[in-house]
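A.B. asks: Here's the letter readout for the chains.
2 protein chains.
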Amino acid sequence: MSFNIEIIGFLAATLTTASFVPQVFRIWKTKEVKDISFMMYLSMFLGVSLWFYYGLLINSVSMMIANIISALLVLSILYFKKNYSEK
Amino acid sequence: MSFNIEIIGFLAATLTTASFVPQVFRIWKTKEVKDISFMMYLSMFLGVSLWFYYGLLINSVSMMIANIISALLVLSILYFKKNYSEK
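Chains as they are written, first to last, in the numbering used here: chain A, 1 to 87; chain B, 1 to 87.
Keep in mind that the hints were calculated from the coordinates and are not lab data.
Any given hint could turn out to be false.
Computed Cβ-Cβ distance ranges for the label pairs, DEER-style [to be verified]:
(1) A:Ile68 - B:Ile68: 25 to 31 angstroms
(2) B:Leu57 - A:Glu86: 28 to 34 angstroms
(3) A:Val21 - B:Phe3: 18 to 24 angstroms
Dumping the calculated DSS-like pairs for lysine-lysine here, alpha-carbon to alpha-carbon at most 25 angstroms [unchecked claim]:
(4) B:Lys34 - A:Lys29
(5) A:Lys34 - B:Lys29
(6) A:Lys29 - B:Lys81
(7) A:Lys81 - A:Lys31
(8) A:Lys31 - B:Lys81
(9) B:Lys82 - A:Lys34
(10) B:Lys34 - A:Lys81
(11) A:Lys31 - B:Lys31
(12) B:Lys34 - B:Lys81
(13) A:Lys82 - A:Lys34
(14) A:Lys31 - B:Lys82
(15) B:Lys34 - A:Lys31
(16) A:Lys29 - A:Lys81
(17) B:Lys81 - A:Lys34
(18) B:Lys34 - A:Lys34
(19) A:Lys82 - B:Lys81
(20) B:Lys82 - B:Lys29
(21) B:Lys31 - B:Lys81
(22) A:Lys31 - B:Lys29
(23) B:Lys31 - A:Lys82
(24) A:Lys82 - A:Lys29
(25) A:Lys82 - B:Lys34
(26) B:Lys31 - B:Lys82
(27) A:Lys81 - B:Lys29
(28) A:Lys81 - B:Lys82
(29) A:Lys82 - A:Lys31
(30) B:Lys29 - A:Lys82
(31) B:Lys31 - A:Lys29
(32) B:Lys81 - A:Lys81
(33) B:Lys82 - B:Lys34
(34) B:Lys82 - A:Lys29
(35) A:Lys81 - A:Lys34
(36) A:Lys81 - B:Lys31
(37) A:Lys34 - B:Lys31
Glycine is no exception: its CB is placed at the ideal position from the N, C-alpha and C atoms.
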């Protein structure tokens, strides 16, 4: 696989993984989660966990790193959603 | 690449792509986007667009399909965020 293609993959992984950061910060700051879908982040958590496992099976370290970081960020959004929701 | 590994990849892609659906429906129903981070979905849109391009470069049809669906779902959340935000 060529070097240029792997740069595209690396950029793509960085953007999708980093995308969760501004959402985590927004909730951290506002403590508001009303409009956030719990089901979205549950499905996303299961999905990125499976991508991590896929990376493990095909020995892709970059895939494992990107998806474990995504999983932790998504898990923190799930935690916020559970704890900041009005009862 | 073995058949079993590709089942894991297919399941992972289905879960991460489908995860956006409940968020789209939630906003569609409530028309509330206050807690949604625009930056998250902008970064996610650029990321899945690059994953689509990566899929094109390595001739992975499943990668192209999963990421074009994700891109459209993410784009609709960006549209909602722009249009339902209080001015």
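A.B. asks: Would you mind marking each hint as holding or not holding in the structure?
C.D. replies: Now for the hints, and whether the structure bears them out:
1. A:Ile68 - B:Ile68: 25 to 31 angstroms: holds, 26 angstroms
2. B:Leu57 - A:Glu86: 28 to 34 angstroms: violated, 47 angstroms
3. A:Val21 - B:Phe3: 18 to 24 angstroms: Taking Cβ atoms as reference, valine 21 of chain A and phenylalanine 3 of chain B lie about 36 angstroms apart, which means the hint is violated.
4. B:Lys34 - A:Lys29: Cα-Cα ~13 angstroms, so holds.
5. A:Lys34 - B:Lys29: holds, 13 angstroms
6. A:Lys29 - B:Lys81: holds, 19 angstroms
7. A:Lys81 - A:Lys31: holds, 9 angstroms
8. A:Lys31 - B:Lys81: holds, 19 angstroms
9. B:Lys82 - A:Lys34: holds, 18 angstroms
10. B:Lys34 - A:Lys81: holds, 14 angstroms
11. A:Lys31 - B:Lys31: Distance of about 20 angstroms is within 25 angstroms: holds.
12. B:Lys34 - B:Lys81: Status holds; Cα separation ~8 angstroms.
13. A:Lys82 - A:Lys34: holds, 11 angstroms
14. A:Lys31 - B:Lys82: holds, 21 angstroms
15. B:Lys34 - A:Lys31: Satisfied, since the Cα-Cα distance of roughly 12 angstroms is no more than 25 angstroms.
16. A:Lys29 - A:Lys81: holds, 13 angstroms
17. B:Lys81 - A:Lys34: Given pair lysine 81 of chain B, lysine 34 of chain A holds - Cα atoms ~14 angstroms apart, limit 25 angstroms.
18. B:Lys34 - A:Lys34: Holds, at about 8 angstroms.
19. A:Lys82 - B:Lys81: Within the cut-off at roughly 23 angstroms; holds.
20. B:Lys82 - B:Lys29: holds, 16 angstroms
21. B:Lys31 - B:Lys81: holds, 9 angstroms
22. A:Lys31 - B:Lys29: holds, 22 angstroms
23. B:Lys31 - A:Lys82: The given pair, whose Cα atoms are some 21 angstroms apart, holds under the 25 angstroms limit.
24. A:Lys82 - A:Lys29: holds, 16 angstroms
25. A:Lys82 - B:Lys34: holds, 18 angstroms
26. B:Lys31 - B:Lys82: Roughly 11 angstroms between the alpha carbons, so the hint for lysine 31 of chain B and lysine 82 of chain B holds.
27. A:Lys81 - B:Lys29: The given pair, whose Cα atoms are some 19 angstroms apart, holds under the 25 angstroms limit.
28. A:Lys81 - B:Lys82: Status holds; Cα separation ~23 angstroms.
29. A:Lys82 - A:Lys31: Satisfied, since the Cα-Cα distance of roughly 11 angstroms is no more than 25 angstroms.
30. B:Lys29 - A:Lys82: holds, 21 angstroms
31. B:Lys31 - A:Lys29: Given pair lysine 31 of chain B, lysine 29 of chain A holds - Cα atoms ~22 angstroms apart, limit 25 angstroms.
32. B:Lys81 - A:Lys81: Roughly 19 angstroms between the alpha carbons, so the hint for lysine 81 of chain B and lysine 81 of chain A holds.
33. B:Lys82 - B:Lys34: holds, 11 angstroms
34. B:Lys82 - A:Lys29: holds, 21 angstroms
35. A:Lys81 - A:Lys34: holds, 8 angstroms
36. A:Lys81 - B:Lys31: holds, 19 angstroms
37. A:Lys34 - B:Lys31: Distance of about 12 angstroms is within 25 angstroms: holds.
Consistency note: the structure conflicts with the earlier hints numbered 2 and 3.
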